[in-house]
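Q: The chain contents come next:
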Amino acid sequence: MTPELAILGAVAIPAAGAVGVAACGRVPNLRETVTLVAAALLFLAVATLVSPVLAGARPSVRLFEIIPGLPIAFEVEPLGMLFALVASSLWIASSVYSIGYMRGNNEAHQTRFYVCFALSLAATMGIAFAGNLITLFLFYEALTLVTYPLVTHHGDDEARRGGRLYLGLLLGTSIVLLLPAVIATWSIAGTLDFTPGGILAGKVSEGGAALLLALYMFGIGKAALMPVHRWLPAAMVAPTPVSALLHAVAVVKAGAFAVVKVIVYVFGTTAFGPETFGWLPWVAGFTILAASVVALRADNLKRRLAYSTVSQLSYIVLAAALLAPLSIVGAALHIATHAFGKITLFFAAGAIYTASHKTEVSQLDGIGRRMPWTMGAFTIGALSIIGIPPAAGFFSKWFMFVGTVESGQYLALAVLALSTLLNAAYFLPIVHAAFFRGQDRRDDHGEAPWPAVVALVATAAATLALPFFADVPLELAGQVGGAPK
Amino acid sequence: MTLEHLPALQVVLPLISAPLIVLVRRRWFAWALAVLVSWISLAIAVTLFLEVGRTGVITYAIGNWPPPWGIEYRVDALNSFVLVLVSFTAAVVAPYARISIAAELPREQAYLLFAMFCLCLAGLLGITITGDMFNIFVFLEIASLSTYVMIALGQRRKALVAAYQYLIMGTIGATFYVIGIGLLYLMTGTLNIADLAGRLRDVGEIRPLLAAFAFITVGIGLKLALFPLHQWLPNAYAFAPSVVTAFLSATATKVSVYVLIRFYFTIFGTSILFAALPTDEVLLVLSIAGIVTASLVAVFQQDLKRMFAYSSVAQIGYITLGLSLANEAGLTGSIVHLLNHGVTKGAIFLLIGGIALRCGAVTFDRLRGIGRRMPLTAFGLVIGGLSLVGIPGTAGFITKWYLVLAAIERGYWWLVAVIVASSLIALGYVWRFVEAAYLSPPDERSVKQGEAPASMLGFAWVLVIACVYFGLDTSFSVGAAREAAVLLIGGAR
Amino acid sequence: MSLASHYSYWVTIFLMIAGLYIVIARGNLVKKLIGLGIFQTSVYLLYIAPGKLIGGTAPIVAEGFRTYSNPLPHVLILTAIVVGVATLALGLAIVVRIREAYGTIEEDEILAQDRREEEQV
Amino acid sequence: MRRDIVLRVIAKLLIPFMLLFALYVQFHGDLGPGGGFQAGVIIAASIIFYTIIFGLPEARRLLPEWIVETMVASGVLIYAGVGVLGILLGGNYLDYFVLDHDPVHGQHRGIFWIEVGVAVTVSGVMLKIFYMFAGRRRDEDNG
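Protein chains in written order, with my numbering: chain L, 1 to 485; chain A, 1 to 493; chain D, 1 to 121; chain U, 1 to 143.
Rather than coming from a laboratory, the hints here were simulated on the basis of the structure.
A hint or two may mislead.
[As the list claims (entries may be wrong)] A few chain A residues facing chain L, derived, Cβ under 8 Å:
no.	residue
1	Val46
2	Thr47
3	Ile391
4	Trp401
5	Val404
6	Glu409
7	Ala421
8	Leu424
9	Gly450
10	Asp473
11	Arg482
[To be verified] One side only, chain U facing chain A, incomplete, derived with CB under 8 Å:
no.	residue
12	Tyr24
13	Leu62
14	Pro64
15	Ile67
16	Glu69
17	Ala73
18	Leu89
19	Leu94
20	Asp95
21	Tyr96
Cβ coordinates follow ideal geometry from the N, Cα and C atoms, glycine included.
Could you put together the complete structure from these sequences and hints?
A: And the structure:
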């Protein structure tokens with residue numbers, strides 16, 4: 001398979017999978033098989049791209065022109081490669097998990113669920129491999145739209161309210177802020193191709209660039225900078241596999257990915273100084289701390305995880321905004337490490353719900369004894385998010401810490417340190433309660449259905465194993481932050 | 001009959017088919033002839049479009065009287081594009097109409113509707129193709145009169161009142177237009193557009209020109225439903241038969257916009273009138289007012305057809321907004337929106353026709369749960385709605401792109417904010433439909449109804465697919481629009 | 001260039017405004033159509049009056065005549081009259097049907113009926 | 001009124017002359033004021049006159065509605081047909097010059113048929129309008 005074909009395949013395979021799933025809707029076993037096959041094929045297609053990209057190649061495909069001079073274009077560069085690898089490998093895990101979860105809970109409209117799921121992966125791949133801003137924007141909006149049916153899956157009033165907030169904020173920010181920013185960039189720079197070193201350098205004043213940056217940062221609502229973060233907790237009305245893959249990996253990471261991409265390839269890391277970027281660490285730092293505090297006070301488990309995600313996303317924004325090579329490496333790595341950790345946590349939350357129908361943190365006393373595998377995995381995920389070695393989260397945090405020191409941003413260093421404490425404060429009590437508190441005697445449930453348990457154990461294991469097989473992600477991340485070719 | 005007669009045949013064929021239908025009076029014959037004629041029209045229009053792209057302007061002297069004395073048909077980059085739009089819509093609507101008309105009209109009136117459809121098509125194509133100001137008026141009235149009849153054929157008695165109101169407003173508009181061109185004729189002694197454009201520069205007295213300009217603007221403004229002259233449109237669209245609504249929304253107002261563009265840029269030229277009168281400011285303010293108020297009103301409608309009718313008023317505001325900016329990007333956006341909005345609204349109203357057939361009415365309480373019973377119809381409507389909002393991947397996005405670009409080039413940042421904010425209002429009314437269709441318990445009265453008949457659904461989906469296609473590959477639409485815009489801006493200077 | 005020498009314009013303008021006023025001010029649908037007719041008639045006048053040359057004759061080539069009136073406005077207005085007649089006929093036909101459907105041709109009563117109907121739904 | 005013998009006799013006497021006058025106006029349109037439009041109206045007026053005297057059912061028997069509609073359509077077709085004939089004979093649409101060997105004769109021939117088409121359509125439309133309105137009132141009276 002040539003790299004060009006693999007790029008197109010990465011977008012086409014999930015889309016074709018969606019069609020296949022729709023066609024096999026009446027035969028659940030066949031339908032799930034189609035999903036798994038599509039997931040495996042996608043991962044293979046993405047994996048074939050790794051070695052050429054590591055070798056420095058930048059395979060690209062240009063399709064028809066959406067606006068004269070502006071084609072739909074794909075180009076694989078290290079950051080997108082990393083993102084695509086993470087998303088495609090976790091799709092396999094979450095497909096397995098979905099099968100257990102959806103059947104265990106007797107959810108309705110399962111075919112629609114799998115179709116939209118596959119489509120959202122297609123959109124995610126489109127974002128990861130986007131070669132210019134317009135392509136990124138196209139798939140970004142598509143991702144919002146195809147995840148809407150997933151968020152409103154239950155179809156009740158709560159889902160409707162959540163869906164309104166989800167769609168209103170994500171589409172609203174992207175249309176009102178991001179679209180004008182993109183068009184303004186086109187008007188100023190005359191190109192929208194992602195270019196190492198940026199395309200705006202020397203074409204716009206520092207003040208103008210700051211304004212444009214603000215449009216981008218708040219326009220990319222998926223990155224959940226405060227105050228446009230509200231959609232993320234609202235999206236938690238969705239079934240847990242959706243929350244896991246989309247709101248821990250695909251959707252939110254698409255936002256963080258777009259932020260890094262815009263900072264590195266549109267603005268450039270060296271073209272603009274603190275007058276442009278100076279305000280961004282403050283906003284990101286505030287988001288980190290405020291979201292952590294909210295998470296601390298949330299009793300609903302998924303809500304706590306959601307705010308934890310908001311906070312972790314701002315790590316990436318903060319690290320990218322520092323513009324130091326090592327912090328950008330950290331930002332890129334964090335996209336991967338946070339994904340593995342957070343998806344494990346969501347899987348665990350879903351498994352708990354499937355097995356016991358418990359949703360609140362305060363109900364979890366002693367649950368670790370009934371569901372040892374689930375809570376064991378939860379613990380590993382939590383450790384990774386907090387950043388305790390040997391879990392994967394430690395490494396990305398390490399690079400961020402070094403980056404802050406390197407660029408002399410001691411305030412950012414303090415924010416990171418403080419938030420690590422907060423992370424610990426909102427995760428460790430859950431672990432403690434689960435294993436060391438007495439349990440409710442009326443409970444008679446065991447573990448969740450086996451596909452769910454297998455999936456969450458697998459992601460937890462991956463979280464632990466990642467540091468030992470870190471060459472590929474590290475190399476990719478290094479290429480983003482270090483010397484772009 | 002060779003290639004050179006195509007401009008005449010473009011108009012004559014639909015014109016002849018109308019009396020033929022009246023002569024035969026059979027419903028199936030009427031339908032078959034309407035379909036045949038609209039497809040031939042499309043073929044002719046596409047041929048003309050390609051010819052113009054190859055060889056430049058095509059002229060045709062009716063009766064072999066050379067212009068400026070005789071009536072001249074003149075096809076250039078701009079109106080060949082509009083011809084394609086009009087005949088394409090007709091070619092999709094006509095085959096769709098058979099079942100819809102049979103369901104909505106008494107048996108003995110069906111042939112009449114097809115006759116009027118052909119007449120209306122002839123009128124619209126005639127307005128577009130002719131190079132003579134008075135001939136525009138004649139065709140305008142042919143199209144309008146047949147439109148009044150078609151609206152009056154609507155099922156409910158309100159259709160009569162709507163047709164009457166449209167008749168009064170439309171006639172006033174046409175008469176204003178005649179007054180305007182009468183003044184121009186008195187000043188220059190010519191009715192030929194190309195000839196007039198040359199002679200106007202030598203007219204010393206500018207005051208009668210300004211009066212003519214004002215009369216023409218108001219007259220055409222009435223026809224194209226420029227805010228606040230849009231009062232006739234929501235009722236006319238809401239109560240006309242579904243087919244008629246689809247056809248009109250995609251073509252009638254667009255052709256009027258074409259006439260306005262022709263007068264503003266080819267005849268008057270930006271230099272003469274935009275300097276003497278604050279036309280662009282006035283048009284800009286009216287467009288924005290139209291976009292915002294009509295979108296807001298649309299949000300609160302209970303009837304789906306009425307809702308999208310108000311949305312049409314807003315979308316026309318986008319078109320005139322591009323005109324008022326009067327730069328290349330703005331004009332490109334306007335012209336390409338003729339096509340984009342035509343295709344989008346055509347698709348939407350055709351799909352609504354399917355719903356009307358199955359559910360009886362298209363009020364929101366009847367629509368509940370329609371996403372499950374009529375999945376393809378509902379999904380098509382969602383795509384059409386997204387195009388109205390301007391989501392990338394749909395035709396509406398392309399328009400928005402050019403309008404925002406034009407506003408940025410003029411330095412109107414506040415206008416950018418208005419444009420994107422108005423998209424959010426559009427999102428509001430489109431999402432009312434989505435929630436009713438997918439997130440509400442089904443309406444008991446129409447639980448058993450299934451999907452619309454395949455022939456209706458199929459042709460409606462042709463437009464839905466076109467709506468997505470023109471959002472992704474714009475080499476035809478934007479290419480043609482840009483060429484026309486360059487031509488107009490060049491001619492205006 | 002006195003006011004009186006342009007009297008045809010004054011007549012035109014008067015008819016124009018009178019017709020438009022009737023269309024706007026009258027609630028009776030037939031009267032509205034009559035107003036519309038007057039309004040259109042004023043335009044006929046606007047075209048035809050300047051076409052007349054003093055001392056000119058009908059534009060039919062014959063010996064002994066050298067000045068002819070401009071025939072073009074007549075041709076145009078003949079067309080416009082046909083259009084006007086068609087509009088009027090169609091308008092009246094619609095009014096007849098409105099009368100059959102509503103039992104009245106007064107605009108306010110029709111609107112009131114529509115409003116009642118809407119409230120019932 | 002329908003039984004009034006004077007009116008009936010005068011009408012019967014008058015109507016042929018009205019029709020004859022219509023034909024005069026029609027054919028003299030080349031040389032003097034007149035033409036298809038006026039002729040069509042006069043023809044329609046004579047029929048309307050007949051209707052007023054003898055009543056609508058009688059008139060409908062004499063000239064049924066389908067004939068009137070056919071007149072409307074066929075007149076337009078004659079008009080357009082002359083135009084298309086121009087194309088078929090190698091000229092432009094509505095080109096009269098090619099209708100005969102001699103361009104002037106061609107002109108005459110073209111104008112003649114055009115005027116015939118106009119007359120047929122105009123009289124048809126006038127009668128159609130009249131039938132429509134007259135018919136409505138009767139229905140209401142009866143019902």
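Q: Hint by hint, note whether the structure agrees.
A: Evaluation of the provided hints:
Residue-level restraint check for A/Val46 is violated (minimum Cβ-Cβ distance to chain L is 20 Å; threshold 8 Å). For A/Thr47, the interface hint is violated, the least distance from its beta-carbon to any beta-carbon of chain L being 24 Å, above 8 Å. Taking 8 Å as the C-beta contact cut-off toward chain L, the hint placing A/Ile391 at the interface holds, the least distance being around 5 Å. A distance limit of 8 Å between C-beta atoms decides the matter here; for A/Trp401 the minimum to chain L is near 6 Å, and the interface restraint holds.
The restraint placing A/Val404 at the interface with chain L holds, with a minimum CB-CB distance near 5 Å, inside the 8 Å limit. Taking 8 Å as the C-beta contact cut-off toward chain L, the hint placing A/Glu409 at the interface holds, the least distance being around 7 Å. Taking 8 Å as the C-beta cut-off, the interface hint given for A/Ala421 holds, the closest approach to chain L being about 7 Å. A distance limit of 8 Å between C-beta atoms decides the matter here; for A/Leu424 the minimum to chain L is near 6 Å, and the interface restraint holds.
Contact between A/Gly450 and chain L, as hinted, is not supported at the beta carbon level, the nearest pair being about 17 Å apart and thus beyond 8 Å. The criterion of a C-beta within 8 Å of any C-beta in chain L is met by A/Asp473, whose closest approach is roughly 4 Å, and the hint holds. Of the supplied interface hints, the one on A/Arg482 holds, with its beta-carbon coming within about 7 Å of a beta-carbon of chain L, less than 8 Å. Restraint check, U/Tyr24 versus chain A: the minimum CB separation of about 27 Å is more than 8 Å; hint violated.
Nearest Cβ of chain A to the Cβ of U/Leu62: about 21 Å, over the 8 Å cut. The hint is violated. Given hint, U/Pro64 at the interface with chain A, is violated; its Cβ is 13 Å from that chain's nearest Cβ, farther than 8 Å. Given hint, U/Ile67 at the interface with chain A, is violated; its Cβ is 11 Å from that chain's nearest Cβ, farther than 8 Å. Against a cut-off of 8 Å between C-beta atoms, the interface hint on U/Glu69 holds, since the closest Cβ of chain A lies about 6 Å away.
A hinted interface residue such as U/Ala73 counts as satisfied when its beta carbon comes closer than 8 Å to some beta carbon of chain A; here the least separation is about 4 Å, so the hint holds. For U/Leu89, the interface hint is violated, since its Cβ never comes within 8 Å of a Cβ in chain A; the closest pair sits about 11 Å apart. Look at U/Leu94: its Cβ gets to within about 4 Å of chain A, closer than 8 Å, so that hint holds up. A cut of 8 Å between beta carbons decides the hint on U/Asp95: the least distance to chain A is about 4 Å, and the hint holds.
Because the smallest distance between the Cβ of U/Tyr96 and any Cβ of chain A comes to about 7 Å, under 8 Å, the interface hint for this residue holds.
This entry does not satisfy hints 1, 2, 9, 12, 13, 14, 15 and 18, going by the numbered hints stated previously.
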